[in-house]
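The residues making up each chain are set out below.
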Amino acid sequence: MAMLSKRSCCKNRPLFIIYICVISLYFSLTSSSYANQESWREEFNELCGDTQKAATLGQDDLNKLVARCSKLSSELEGSDSTQKKAYIYRTEKCRNFYIFLIELLETERNKQ
Amino acid sequence: MKKRDIFLTVILVVLCIAALTFAQPAGVRKKKPPRHEYGNVVMNNLAEKNKMAPVVYNHWLHRALYTCRLCHVDIGFAMEAGGTKATMDDNNNGLYCGACHNGKEAFAIEEKGVPGVAARKNCERCHSYGQKVAFEKDFYKFTKGFPMSRFGDKINWIKTEEAGLIKLKDYLEGISIKTKALNYSADTEIKSNITGMPDIIFSHKKHAIWNGCELCHPDIFGVKRGTTKYTMQDIFAGKYCGACHGKVSFSDLDCQECHVKNVN
Chain A
1 MAMLSKRSCC KNRPLFIIYI CVISLYFSLT SSSYANQESW REEFNELCGD TQKAATLGQD
61 DLNKLVARCS KLSSELEGSD STQKKAYIYR TEKCRNFYIF LIELLETERN KQ
Chain B
1 MKKRDIFLTV ILVVLCIAAL TFAQPAGVRK KKPPRHEYGN VVMNNLAEKN KMAPVVYNHW
61 LHRALYTCRL CHVDIGFAME AGGTKATMDD NNNGLYCGAC HNGKEAFAIE EKGVPGVAAR
121 KNCERCHSYG QKVAFEKDFY KFTKGFPMSR FGDKINWIKT EEAGLIKLKD YLEGISIKTK
181 ALNYSADTEI KSNITGMPDI IFSHKKHAIW NGCELCHPDI FGVKRGTTKY TMQDIFAGKY
241 CGACHGKVSF SDLDCQECHV KNVN
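Residue numbers (this note's numbering), protein chains in the order written: chain A, 1 to 112; chain B, 1 to 264.
Be a bit skeptical, because a hint or two may be false.
[Claimed, not checked] Capping the alpha-carbon separation at 25 Å, the derived lysine-lysine pairs in BS3-like fashion look like this:
{"id": "1", "chain 1": "B", "residue 1": "169", "chain 2": "A", "residue 2": "85"}
{"id": "2", "chain 1": "A", "residue 1": "85", "chain 2": "B", "residue 2": "85"}
{"id": "3", "chain 1": "B", "residue 1": "206", "chain 2": "B", "residue 2": "247"}
{"id": "4", "chain 1": "A", "residue 1": "84", "chain 2": "B", "residue 2": "229"}
{"id": "5", "chain 1": "B", "residue 1": "247", "chain 2": "B", "residue 2": "191"}
{"id": "6", "chain 1": "B", "residue 1": "169", "chain 2": "B", "residue 2": "206"}
{"id": "7", "chain 1": "B", "residue 1": "180", "chain 2": "A", "residue 2": "64"}
{"id": "8", "chain 1": "B", "residue 1": "247", "chain 2": "A", "residue 2": "84"}
{"id": "9", "chain 1": "B", "residue 1": "49", "chain 2": "B", "residue 2": "104"}
{"id": "10", "chain 1": "B", "residue 1": "137", "chain 2": "B", "residue 2": "191"}
{"id": "11", "chain 1": "B", "residue 1": "180", "chain 2": "A", "residue 2": "111"}
{"id": "12", "chain 1": "A", "residue 1": "84", "chain 2": "B", "residue 2": "104"}
{"id": "13", "chain 1": "B", "residue 1": "206", "chain 2": "B", "residue 2": "239"}
{"id": "14", "chain 1": "B", "residue 1": "205", "chain 2": "A", "residue 2": "53"}
{"id": "15", "chain 1": "B", "residue 1": "178", "chain 2": "A", "residue 2": "85"}
{"id": "16", "chain 1": "A", "residue 1": "53", "chain 2": "B", "residue 2": "180"}
{"id": "17", "chain 1": "B", "residue 1": "178", "chain 2": "A", "residue 2": "71"}
{"id": "18", "chain 1": "A", "residue 1": "53", "chain 2": "B", "residue 2": "144"}
{"id": "19", "chain 1": "B", "residue 1": "261", "chain 2": "B", "residue 2": "229"}
{"id": "20", "chain 1": "A", "residue 1": "53", "chain 2": "B", "residue 2": "247"}
{"id": "21", "chain 1": "B", "residue 1": "49", "chain 2": "A", "residue 2": "85"}
{"id": "22", "chain 1": "B", "residue 1": "229", "chain 2": "B", "residue 2": "141"}
{"id": "23", "chain 1": "B", "residue 1": "261", "chain 2": "B", "residue 2": "144"}
{"id": "24", "chain 1": "B", "residue 1": "229", "chain 2": "A", "residue 2": "111"}
{"id": "25", "chain 1": "B", "residue 1": "169", "chain 2": "A", "residue 2": "64"}
{"id": "26", "chain 1": "A", "residue 1": "85", "chain 2": "B", "residue 2": "104"}
{"id": "27", "chain 1": "A", "residue 1": "53", "chain 2": "B", "residue 2": "206"}
To be clear, the hints were calculated from the coordinates, so they are not data collected in a lab.
All chains should be built: construct the whole structure from the sequences, respecting the hints.
So, in structure tokens, the structure goes:
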């Protein structure tokens, strides 16, 4: 019996290898798309989690946040995430708030 | 009386009647909604096109459970009517209404049957415009004993929360971002343009606690301090404070809620 199964395994070896390759490819693709989703989510959380303390930031930091928000928005635009509609809106809202603070800083600097 | 005079009189009367019939009134007073309908929003971007009744969103119940920020910032509902364009696919993907209406946070859009309980669709609980729907929660029973105010839905929601009668949720797992507590700036004094009308004391704290920062800035208040003037007419037209006050928050007719500085 053991001899028989060993023989059939050897006979189907190419099929078995293809099967393993397909499985690995599937997992690598799904995990990379999952990782991509996780990476934009992390970046989003980091960017929009700063709005509460943004009023204490300087202009350089705010400019960096604005640039990162713009980058994230365009990444989301190009993604096929089902969540992108809401997250583009939320990212834009954070970005606009940071721009508002930059303008506020400029106005106050001009007053002095 | 000459025939010509009679003719002219008739013409004049006809013209007067026509003018009165077709003239646009100079000012139309908005019809005051009943208390339980104050703040209601009818959403009909796609509903009727898809042969569904429009959605009636009752602000009073949602605001009694959640902060404004949670829906208008974290979930991403636009402040202007028709601005969100949410679809049922969005809801089913866990966005907008579907962020809460998932059977865990609030009733699901569609409840799957479990042994002993039949499956049911909850379409009519939201798509209720013009329908006879018996809701689980009744405004008058729910708000019985809440501190009162003078206009709008006549509930003083700030005092209601302070009294611990409601506890507003400001965080939704998987949607909200954990943030540090906000450092509130001091109250701001806004000069009134009308002689005798007390100045406004604007509390950033009271507003930020429910709204966060990005709900108001810059979309509603893009003004740079002291450089842009806005009037009560702007507010009555739904701009600035009027984006919330007079629609959902306490009424913009309640002068004493904002114009509170002591007059010396």
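Evaluation of the provided hints:
Proximity of residue 169 of chain B to residue 85 of chain A is assessed by CA-CA distance (about 24 Å); at most 25 Å being required, the pair is judged to hold. Among the hinted pairs, residue 85 of chain A with residue 85 of chain B is consistent with the structure: their alpha-carbon atoms are about 10 Å apart, no more than 25 Å. At roughly 18 Å between alpha-carbon atoms, residue 206 of chain B and residue 247 of chain B fall within 25 Å of each other, so this suggested pair holds. Restraint check for residue 84 of chain A and residue 229 of chain B: the C-alpha separation of about 37 Å exceeds 25 Å, so the hint is violated.
For the proposed pair residue 247 of chain B and residue 191 of chain B, the alpha carbon gap of about 24 Å is at most 25 Å, so the pair holds. Note on residue 169 of chain B and residue 206 of chain B: the hinted pairing holds, with a Cα-Cα distance of about 16 Å set against a maximum of 25 Å. At roughly 20 Å between alpha-carbon atoms, residue 180 of chain B and residue 64 of chain A fall within 25 Å of each other, so this suggested pair holds. The hinted pair formed by residue 247 of chain B and residue 84 of chain A fails the criterion: a straight-line CA distance of about 29 Å is larger than 25 Å.
Under the criterion of a C-alpha separation no larger than 25 Å, the hint pairing residue 49 of chain B with residue 104 of chain B is inconsistent with the structure, at around 30 Å. Simply put, residue 137 of chain B and residue 191 of chain B have alpha-carbon atoms about 42 Å apart, too far for the 25 Å limit, and the pair is violated. A C-alpha spacing of about 31 Å is found between residue 180 of chain B and residue 111 of chain A, which places the hinted pair above 25 Å, so the restraint is violated. Using a Cα cut-off of 25 Å, the hinted pair residue 84 of chain A and residue 104 of chain B holds, with the two alpha carbons roughly 23 Å apart.
Restraint check for residue 206 of chain B and residue 239 of chain B: satisfied, since their Cα atoms lie roughly 19 Å apart, inside the 25 Å limit. The hinted pair formed by residue 205 of chain B and residue 53 of chain A meets the criterion: a straight-line CA distance of about 14 Å does not exceed 25 Å. Of the pairs offered as hints, the one joining residue 178 of chain B and residue 85 of chain A holds, with about 21 Å between alpha carbons and a cut-off of 25 Å not exceeded. Simply put, residue 53 of chain A and residue 180 of chain B have alpha-carbon atoms about 8 Å apart, close enough for the 25 Å limit, and the pair holds.
The straight-line distance between the Cα atoms of residue 178 of chain B and residue 71 of chain A is roughly 22 Å, inside the 25 Å bound, and the hint therefore holds. Taken as a hint, the residue 53 of chain A and residue 144 of chain B pair is broken in the structure, with Cα atoms around 38 Å apart against an allowance of 25 Å. About 19 Å separates the Cα atoms of residue 261 of chain B and residue 229 of chain B, which keeps this hinted pair within 25 Å; it holds. Restraint check for residue 53 of chain A and residue 247 of chain B: not satisfied, since their Cα atoms lie roughly 29 Å apart, outside the 25 Å limit.
Pair hint residue 49 of chain B plus residue 85 of chain A holds up; C-alpha atoms about 21 Å apart against a cutoff of 25 Å. Distance check on the hinted pair: residue 229 of chain B and residue 141 of chain B sit about 42 Å apart at the alpha-carbon level, beyond 25 Å; violated. A distance of roughly 31 Å separates the Cα atoms of residue 261 of chain B and residue 144 of chain B; the hinted pair therefore is violated under the 25 Å criterion. A threshold of 25 Å between alpha carbons decides the hint, and for residue 229 of chain B with residue 111 of chain A the separation of about 18 Å falls inside it, so the pair holds.
With a C-alpha separation of about 32 Å, the suggested pair residue 169 of chain B and residue 64 of chain A falls outside the 25 Å cut-off, and the hint is violated. The straight-line distance between the Cα atoms of residue 85 of chain A and residue 104 of chain B is roughly 23 Å, inside the 25 Å bound, and the hint therefore holds. Of the supplied pair hints, the one linking residue 53 of chain A and residue 206 of chain B holds, its CA atoms being roughly 17 Å apart against a limit of 25 Å.
Violated hints for the displayed structure, listed by number in ascending order: 4, 8, 9, 10, 11, 18, 20, 22, 23 and 25.
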